[in-house]
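What follows is the residue order along each chain.
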Amino acid sequence: MNIVVCVKQVPATQKVDVDPVTGVLLRNGIDTKMNPFDLVAMEAAKRIADKTGAKIHALTMGPNSAIEVLKESFALGADEGWLLSDRKFAGADVLATAYSLASAIKAIGDVDLIICGKQTTDGDTAQVGPEMAEVLGIPHISWALELEEIDDKGLILRQDLTTKDAIVRIDYPCLITVEKTMYQPDLPSYRLLKASKDKKIHTLTASDIDGLDHTRIGLDGSPTQVEKIFAPSSNTETQVLEGDIDTVSDELYAILKKTKLIKEEA
Amino acid sequence: MHNKVTRQNIQDIKDLLGHDIVIDSDISEDYSHDEMTIYGTRAPDLVITPKCTEDVSKLLKYANDHLLPVIARGAGTGLCGGCVAIEGGILVDMSHMDKILEIDKKTMTATFEPGVILMNAIEKVSEEGFLYAPDPGEKSATIGGNVMTNAGGMRAIKYGVTRDHIKGLEVVLADGSVITLGGKTSKNSSGYDLKDLIIGSEGTLAIVTKIIAKIIPKPKLMTSLLIPFSTLKDALDAVPYITNLEDVATTIEFMEKEVIEDARLYLGKDFPNKDYNAYLIVSYSGNNKNELERMINLCAELALEKGAIDVFISDTEERQASIWDARGAFLEAIKNSTTEMDECDVVVDIDKVADFNDFAKNVAGRENIRIRSFGHAGDGNLHIYILKDDMPDDIWQRKAKAFMDELYEEAAILKGQVSGEHGIGHAKKAYLKDSLDPAVIELMKKIKVAFDPHNILNPAKVIDIE
Chain A
1 MNIVVCVKQV PATQKVDVDP VTGVLLRNGI DTKMNPFDLV AMEAAKRIAD KTGAKIHALT
61 MGPNSAIEVL KESFALGADE GWLLSDRKFA GADVLATAYS LASAIKAIGD VDLIICGKQT
121 TDGDTAQVGP EMAEVLGIPH ISWALELEEI DDKGLILRQD LTTKDAIVRI DYPCLITVEK
181 TMYQPDLPSY RLLKASKDKK IHTLTASDID GLDHTRIGLD GSPTQVEKIF APSSNTETQV
241 LEGDIDTVSD ELYAILKKTK LIKEEA
Chain B
1 MHNKVTRQNI QDIKDLLGHD IVIDSDISED YSHDEMTIYG TRAPDLVITP KCTEDVSKLL
61 KYANDHLLPV IARGAGTGLC GGCVAIEGGI LVDMSHMDKI LEIDKKTMTA TFEPGVILMN
121 AIEKVSEEGF LYAPDPGEKS ATIGGNVMTN AGGMRAIKYG VTRDHIKGLE VVLADGSVIT
181 LGGKTSKNSS GYDLKDLIIG SEGTLAIVTK IIAKIIPKPK LMTSLLIPFS TLKDALDAVP
241 YITNLEDVAT TIEFMEKEVI EDARLYLGKD FPNKDYNAYL IVSYSGNNKN ELERMINLCA
301 ELALEKGAID VFISDTEERQ ASIWDARGAF LEAIKNSTTE MDECDVVVDI DKVADFNDFA
361 KNVAGRENIR IRSFGHAGDG NLHIYILKDD MPDDIWQRKA KAFMDELYEE AAILKGQVSG
421 EHGIGHAKKA YLKDSLDPAV IELMKKIKVA FDPHNILNPA KVIDIE
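Quick note, the sequences are listed as chains A and B, same order.
Each step along the first sequence adds one to the number in the numbering used here, with nothing skipped, and position 7 is 7.
Each step along the second sequence adds one to the number in the numbering used here, with nothing skipped, and position 368 is 368.
Hints are not guaranteed to be accurate.
[Unchecked claim] When the alpha-carbon atoms are kept at most 27 Å apart in a straight line, the in silico BS3-like pairs for lysine-lysine are as follows: (1) A:K194 <-> B:K335; (2) A:K197 <-> B:K335; (3) A:K46 <-> B:K220; (4) A:K180 <-> B:K361; (5) B:K139 <-> A:K51; (6) B:K139 <-> B:K415; (7) B:K274 <-> A:K51; (8) A:K71 <-> B:K289; (9) B:K401 <-> B:K361; (10) A:K71 <-> B:K433; (11) A:K199 <-> B:K429; (12) B:K429 <-> B:K415; (13) A:K180 <-> B:K274; (14) B:K289 <-> A:K200; (15) A:K194 <-> B:K274; (16) B:K4 <-> A:K55; (17) A:K164 <-> B:K257; (18) B:K274 <-> A:K46; (19) A:K71 <-> B:K306; (20) B:K257 <-> A:K51; (21) A:K197 <-> B:K289; (22) A:K180 <-> B:K269; (23) B:K415 <-> A:K194; (24) B:K429 <-> A:K194; (25) A:K46 <-> B:K257; (26) A:K228 <-> A:K199; (27) B:K139 <-> A:K197.
No lab work stands behind these hints: they were computed from the structure.
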């Protein structure tokens, strides 16, 4: 059995400057770390591998310097490291990233389970995992809170549906994205780090992947563009409407119309 | 002998200081104890919340003239009953004098009022790019309380304790006179160092009203190593070798599986590794990655050579929080796991920590009592807690006393000291007296009398005069 864990190098601090012209995060020269959600994905992979004897492959897309995050994956228990790196992949949005990573997973071959962090701390979209599953044509469970059961056919998970949890079974091959609270991740092991010092990292370029559609990768393959980057703000305003059903629904309808959340039927 | 606080005294003090800083009714229960109620509780007769040095000065002059006991208190986080008005009297709550008066980059000093909370001091100094190096675990203590107990903490191995970072003090003497000891200068060989006498005196010699502390450039990076061992003895035996490395570790802490489990239950948060019996946490700080990596590699290699099972690397904010949040919660977690506890804060030579800890465990095993221990392996300061659980009161009191007696006796044999960082208060007075040469105790008494001839300042603490 093979598990791929998608990992990403993200800025180690929240204070990252944004290029005022392109809106791209200025990553050069800043300290990096493994995306905290991906640490949990690695931990989940280890627990599954402990039960199934699976091999853990860490996969990342990025420049050569992203090798660091793969080395860290070895110190966290990954058996193989895969770097998807080519200038042609640069500037990818979530869709192009998902397509590129999914193509790399096909190139790795015989993958039974893909585990991603729910989201990254720099992009925060939580879209790449589910989009990869769509590209690969396999089922996925996003926002997994707990791994309830593990066997050689599939997993039973507790999934966060925001207002409710669902207990779901999913069979391999599949993809899951994990919440940060699933596990307290282990710290990197010095022994493993040392043992993997000379370990080869598999590098995949665009030309190494058979059948890769070059119109779906990089900046050119990205239908979305970043217009503005800002720190997410959370402002949950609650308004309670009271009264009988007719009054309340009229009031609700008026509010939704006023806030332009619905349009009046023509 | 002291006088009891009378209605007339209260009226006089109100007239002297103004009604708004005098509390004479509905005195909060908090004022009757510190963190260790086991050492006795008693409500003070009167509470004063001074806002300035002058308030303290006026009060002390009055109290000295009328022979009224005065007990200074910070945040009440002490562990030896030091701030409890055990014989009644006037409690002076210094927590309202809480201004950070100055951060002077040129002389690299920070000037605090005594009521500044430690975590606020650390944060403010850090915002300016500096480090206030002492690192006592109880971050909600006041700086004044830290000075009065000469609080130690986790970075003592590299930076020393509170005393090593205090350059000057403004204090009010028992008769109300205000003096300044030391200042911002880096050196001082000018006569007896009275400032150092005041530090650690637990409010028995004077009341501190201003503190000039040393600040140092803040290291940019810190990495901690969580090092598992099969036994605590293996872990502690490795410590003297680690301290001999060319780079001085910032902290070397020890802990066992059980206390990690207590912290997990208390915080509701998992520790990153809990598979092994004993752990060291060794931290290094530096200014660039390569420098830090070299330190880590040297320590990791040595630890493995000395029997460590592995070495786990904590190098990001999240990872540091995952181990240090747990470490910071040990005391409360242990407290939470039992009905009552007593503690011992001895300090021994660092190559004797393992022996002392083994001794404590053997006694606990023999007497069938549950204990927990953790502490500062790098400076020999252990915290051993004896837990009451469901023991009946009389058996508990007998067993706790017998256990502590044996521990302090063993500490004396090993040439250790009664308190590493928590102080004496009234809880450890007898042990202090037994542990020191009578000539030393006599000298301490003379010093006390020289500062406070009528014994009004925190009477019956540290040493008995009568």
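Consistency of the hints with the structure:
no.: 1; hint: A:K194 <-> B:K335; result: violated, 40 Å
no.: 2; hint: A:K197 <-> B:K335; result: violated, 44 Å
no.: 3; hint: A:K46 <-> B:K220; result: violated, 33 Å
no.: 4; hint: A:K180 <-> B:K361; result: violated, 39 Å
no.: 5; hint: B:K139 <-> A:K51; result: violated, 43 Å
no.: 6; hint: B:K139 <-> B:K415; result: violated, 30 Å
no.: 7; hint: B:K274 <-> A:K51; result: holds, 19 Å
no.: 8; hint: A:K71 <-> B:K289; result: holds, 16 Å
no.: 9; hint: B:K401 <-> B:K361; result: holds, 16 Å
no.: 10; hint: A:K71 <-> B:K433; result: violated, 57 Å
no.: 11; hint: A:K199 <-> B:K429; result: violated, 61 Å
no.: 12; hint: B:K429 <-> B:K415; result: holds, 18 Å
no.: 13; hint: A:K180 <-> B:K274; result: holds, 19 Å
no.: 14; hint: B:K289 <-> A:K200; result: holds, 24 Å
no.: 15; hint: A:K194 <-> B:K274; result: holds, 22 Å
no.: 16; hint: B:K4 <-> A:K55; result: violated, 77 Å
no.: 17; hint: A:K164 <-> B:K257; result: violated, 36 Å
no.: 18; hint: B:K274 <-> A:K46; result: holds, 16 Å
no.: 19; hint: A:K71 <-> B:K306; result: holds, 26 Å
no.: 20; hint: B:K257 <-> A:K51; result: holds, 25 Å
no.: 21; hint: A:K197 <-> B:K289; result: holds, 18 Å
no.: 22; hint: A:K180 <-> B:K269; result: holds, 12 Å
no.: 23; hint: B:K415 <-> A:K194; result: violated, 42 Å
no.: 24; hint: B:K429 <-> A:K194; result: violated, 52 Å
no.: 25; hint: A:K46 <-> B:K257; result: holds, 22 Å
no.: 26; hint: A:K228 <-> A:K199; result: violated, 40 Å
no.: 27; hint: B:K139 <-> A:K197; result: violated, 40 Å
Violation of the numbered hints given earlier is confined to hints 1, 2, 3, 4, 5, 6, 10, 11, 16, 17, 23, 24, 26 and 27; the remaining hints are satisfied by the structure.
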